[in-house]
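Heads up: the protein sequence lines correspond to chains A and B, in order. Using numbering that gives the first Met the number 0, you'd call the opening residue of the first sequence number 0 and step up by one each time. Using numbering that gives the first Met the number 0, you'd call the opening residue of the second sequence number 0 and step up by one each time.
A couple of the hints might just be wrong.
Unchecked claim - BS3-like, lysine-lysine: derived pairs with alpha carbons at most 30 Å apart: (1) Lys65/B x Lys139/A; (2) Lys65/A x Lys187/B; (3) Lys187/A x Lys65/B; (4) Lys1/B x Lys13/B; (5) Lys139/B x Lys65/A; (6) Lys187/A x Lys65/A; (7) Lys78/B x Lys13/B; (8) Lys1/B x Lys78/B; (9) Lys65/A x Lys78/A; (10) Lys222/A x Lys187/A; (11) Lys65/B x Lys139/B; (12) Lys1/B x Lys65/B.
It is worth saying that the hints were derived from the structure and are not from the lab.
Protein chains: 2
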Amino acid sequence: MKRCHCIGARPAQKPLLQQGDILIAVDGGYAQIQDWGLVPDRIVGDFDSLGYVPTGDTVEVLPCRKDDTDMAVAISLGKSLGAEFFLLQGGLGGRLDHSVANFQLLQALAEEGYRGILFGEGQCVTVLSSGSLCFPDYYKGYLSIFAVGGDASGISLEGLSYTGQELSLQPNFPLGVSNEFLLGQSGKISVTSGNLLVIWEELQIPLVQSIFHTLDDLRWEQKNER
Amino acid sequence: MKRCHCIGARPAQKPLLQQGDILIAVDGGYAQIQDWGLVPDRIVGDFDSLGYVPTGDTVEVLPCRKDDTDMAVAISLGKSLGAEFFLLQGGLGGRLDHSVANFQLLQALAEEGYRGILFGEGQCVTVLSSGSLCFPDYYKGYLSIFAVGGDASGISLEGLSYTGQELSLQPNFPLGVSNEFLLGQSGKISVTSGNLLVIWEELQIPLVQSIFHTLDDLRWEQKNER
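Next comes chain A alone, as it looks inside the complex:
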């Protein structure tokens, strides 16, 4: 599964690039990619947060007034380069509206059969659309699920502090907040209809595993997967 790292302006972790991974700098994210000593495949943005406009064949300069966010354009570029799994960083914290915009981009990705994860500030976010997500048994901390874009049904929760089958969630009732991983048990979330926004705490296992290892250990199933 071809992966695309999109790095925005907020603090991000240097990706562990695998063979074939795509690396896209999103506006101010270009500065930290340079600090890491990496060369991005593409550089996109209106460059308001970078502070200057870079030049070169890999640069796509966007107007300041536009319909899509810089991150949305980066995702489109990644798709055009064949990516199926998007790892978005530098898009959490700071302005809350940017975080919400990125949640909605995750929803679009999931509905189209792509995988997407947004992480940073100690938190990981994805949207699951008619599918399931299994977490390895070493995960711990809080995990919350929310119906987004409409009702979600056929929800099953296994190996977590709160479990259940054939559950439903509505977007105006946050019943799924503050569930928890059970250390030593593999947690699983699945949904048959609708979208679940899933938010969990980033595992801090310094010197042993980076977040990229812990994300590699996730097991996804999506009905319409690419």
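Given the coordinates of chain A, assemble chain B onto it according to the supplied hints.
Just chain B now, kept in the frame of chain A:
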């Protein structure tokens, strides 16, 4: 319109209480209410964030394992005491899932004809459900709108950097991010069908006006207003 201030554990600003206002301490928020020298009408929570369980007639101790969040219970209490306008603080920043849970509570409030605002960390959030919201002409900074819970249509934007009539938004396309107030113009957002999550930057006018003054200057209309 009877107001209810619900103060959670995250940093909050001392409310300017008007005659008849209700003040509810939500778990760890009780500590800052005491620091302000105020006495809350009710104190609710499982008190995990406060660190001890307060006693007295105004205290409602909730179990740790429960369906509703502490903030949701506080809102229910406020409704039972006759409140129609909810000013929620101490519920932004920190864990992102708590913020999202509070967005969904705002949606429920709006759908039921209540007014609700969540603010903190320099940002203000509301949900507008079949109604309009007018901002005074001294507002400045970014303003973003998102369809939540389903599509939103009949959207009108006036007196802002991006304007339009009869617009539609979908929850998987963040087209409404990063609009801006125009200083000297009164901005107006309205929606005839569906819910808009509205996020704007808190005005910083120290020594002249507190955020409570700037919120008093908002003009709301809701179809099903209480």
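Structure-based check of all given hints:
no., hint, result
1, Lys65/B x Lys139/A, "holds (20 Å)"
2, Lys65/A x Lys187/B, "holds (21 Å)"
3, Lys187/A x Lys65/B, "holds (21 Å)"
4, Lys1/B x Lys13/B, "holds (18 Å)"
5, Lys139/B x Lys65/A, "holds (20 Å)"
6, Lys187/A x Lys65/A, "violated (39 Å)"
7, Lys78/B x Lys13/B, "holds (21 Å)"
8, Lys1/B x Lys78/B, "holds (10 Å)"
9, Lys65/A x Lys78/A, "holds (20 Å)"
10, Lys222/A x Lys187/A, "holds (16 Å)"
11, Lys65/B x Lys139/B, "violated (40 Å)"
12, Lys1/B x Lys65/B, "holds (28 Å)"
Checked against the numbered hints given earlier, this structure breaks hints 6 and 11; the rest are met.
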